[in-house]
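Undergrad: Listed below are the residues making up each chain.
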Amino acid sequence: MIIKPGSEVKSEETVSDHPLNPNPDSEWCVYFKDNEKLLQIDKDCRRLYPELEFFQKATRFPCERLTNTENGIGALRKRVENCYLESHTVSRSRLGVTKMDTTRHKTGDSRPFHTLGESEEAHWEVVERMLFIYAKLNPGIQYVQGMNELLGPLYFTMASDPNLEWAQHAEADSFYCFTSLMAEVRDNFIKSLDDSICGIGGNMHILMSSLRDSDPAVHQHLLSQHIKPEFFAFRWITLLLSQEFELPDVLRLWDSLFSDSQRFGFLVDVCCAMIRLVRRNVLKNDFASNMKLLQNYPPSTSIEEVIRAAIKSRKP
Amino acid sequence: MESSSNEHIDYVFKVVLIGDCGVGKSSLLLRYSDDFFQESYLCTIGVDLRIRTISVDDKRVKLQMWDTAGQERFKTLCGHYYRGAEAIIIVFDVTSENSFSNVLRWYEEARQLSRQDTVLVLLGNKSDMADSRAVSTERAQSLAASLNIAYFESSAKLCDNVKETFTATTRKMMEAYQKHHRAHLPDDLTNSKSLHMSQPIKSSTSLNCFDCSIM
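So the protein sequences, as listed, match chains B and Z. Position one of the first sequence corresponds to residue 1 (the working numbering), numbered consecutively onward. Position one of the second sequence corresponds to residue 1 (the working numbering), numbered consecutively onward.
Bear in mind the hints are in silico, worked out from the structure with no lab data behind them. Idealized CB from N, CA, C, for every residue including glycine. Please note that the accuracy of each hint is not assured.
[Said to hold, decoys possible] Below are the SDA-like pairs computed for lysine to any residue, each with C-alpha atoms no more than 25 Å apart in a straight line:
#: 1; chain 1: B; residue 1: LYS228; chain 2: Z; residue 2: LYS75
#: 2; chain 1: B; residue 1: LYS33; chain 2: B; residue 2: PHE61
#: 3; chain 1: B; residue 1: LYS37; chain 2: Z; residue 2: SER55
#: 4; chain 1: Z; residue 1: LYS75; chain 2: B; residue 2: ALA288
#: 5; chain 1: B; residue 1: LYS33; chain 2: Z; residue 2: SER132
#: 6; chain 1: B; residue 1: LYS37; chain 2: Z; residue 2: LEU42
[Said to hold, decoys possible] Covered stretches of chain B, going by a simulated chain Z footprint (3 or more residues, C-beta under 8 Å):
#: 7; segment: 127–136
#: 8; segment: 143–151
#: 9; segment: 183–194
#: 10; segment: 225–233
#: 11; segment: 246–258
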């Protein structure tokens with residue numbers, strides 16, 4: 001699925017395929033389309049958890065079939081670099097001679113991260129490969145920004161397992177978990193479901209009605225300040241709060257979220273509890289301070305406190 | 001950073017940054033509001049708000065800067081963000097041809113969803129990366145000229161021309177504001193604690209524009 005066309009032994013009929021083939025079924029045509037997808041995933045994976053060193057470090061268990069230089073498949077990293085080289089400045093002189101600017105666009109500049117050796121693979125590259133394959137397997141959803149933030153913690157947990165035998169299979173395990181997780185939350189990522197009850201719009205609506213029931217004053221205050229759930233809860237819900245807390249807290253929180261029998265009802269309870277825990281500030285703040293507060297949830301809040309408050313508010 | 005609540009404010013302006021993913025919208029705002037740069041920065045999901053109060057021509061101006069997500073997926077949310085904006089800055093990356101060719105799409109969307117007097121500005125970011133530049137200043141300038149909007153070039157990384165861009169944009173907003181006979185906020189309003197009080201006044205007009213454009 002991630003192999004460059006023509007690099008594998010082919011049957012007679014596919015041999016006639018070539019990079020300029022306009023046929024939409026052409027493997028090359030698909031290859032180039034995929035590259036656009038890949039570039040987006042690449043951008044986002046390189047900046048996954050920038051405060052953690054983990055994702056920039058080489059994995060102990062790289063995908064050998066790709067990193068092995070002999071069979072010539074090459075890592076996705078290479079494919080991305082080739083994409084960057086596509087743009088050349090072509091200028092036509094007055095005599096009609098087409099001149100191609102041969103100065104190669106330095107990819108080094110746009111890559112703030114050092115690239116590892118041929119046989120090595122950084123953890124973010126493993127995440128990138130998984131997201132790319134997920135996008136290819138699920139053409140209806142493809143890749144949406146934020147999926148990286150869901151896969152990141154899963155992969156981190158698997159890959160940092162002290163049992164090396166388990167850590168070795170981190171890629172397969174986290175891909176399986178990610179696929180299962182997405183089966184439950186993918187509607188949040190689908191644009192056409194935004195206004196339906198099962199999409200992100202519906203979930204934000206559930207959150208706001210739950211807040212209205214549990215804390216009418218705060219709900220009314222947010223309403224009067226025109227603070228819409230789109231401004232903060234959109235990220236909270238789509239990312240399962242993974243950008244609101246530090247990674248260890250996220251892992252603790254996810255344990256509770258994933259063990260919830262009425263998934264992801266507990267997520268709504270947690271979001272609601274988060275707002276109620278800062279209600280005193282919310283009620284006295286102006287619009288801008290409230291936006292700041294909700295978009296940068298105070299790191300001093302302990303995750304245990306949030307979870308406790310959420311459990312307490314749960315309807316029996 | 002946050003101005004004290006009883007400080008005199010002449011204007012409250014909403015500025016929205018739009019453009020492709022990874023062109024540096026968040027970095028520009030981080031640089032401008034907190035004077036800080038990070039090589040790699042989380043991708044924005046949804047929207048982020050940053051505030052800065054500045055002085056332009058003896059006026060105190062509070063800028064509410066909205067940082068939006070670039071990916072197509074998040075476009076449906078944009079209606080909420082454009083609403084009531086006094087300025088929209090379309091950002092592209094001077095090292096990315098692709099982000100430049102999408103400028104027109106962003107422009108059309110911004111025009112459609114914003115008020116008539118909203119100031120539009122084109123901004124080419126990452127000007128420090130001369131080696132990998134793909135879009136020349138001249139090309140960007142001529143595009144901006146054809147759209148009849150101002151063009152700026154900046155580097156969030158080197159803090160080059162970031163402040164100047166925002167100051168110039170603010171000046172344009174003040175001009176547009178006065179031109180459309182909007183008396184600026186009365187003192188009693190600005191002295192009160194809540195910044196948001198200016199919101200309903202302005203957003204009601206934009207709401208109408210927004211609805212009209214749909215019909």
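Undergrad: Confirm or reject each hint.
TA: Here's how the hints hold up against the structure:
1. LYS228(B) x LYS75(Z): holds, 16 Å
2. LYS33(B) x PHE61(B): violated, 29 Å
3. LYS37(B) x SER55(Z): violated, 43 Å
4. LYS75(Z) x ALA288(B): holds, 23 Å
5. LYS33(B) x SER132(Z): Holds. LYS33(B) to SER132(Z) sits at ~24 Å (cutoff 25 Å).
6. LYS37(B) x LEU42(Z): holds, 19 Å
7. 127–136: violated (count 0)
8. 143–151: holds (count 5)
9. 183–194: Satisfied; 3 residues make the cut.
10. 225–233: Result for this restraint: holds, n = 6.
11. 246–258: violated (count 0)
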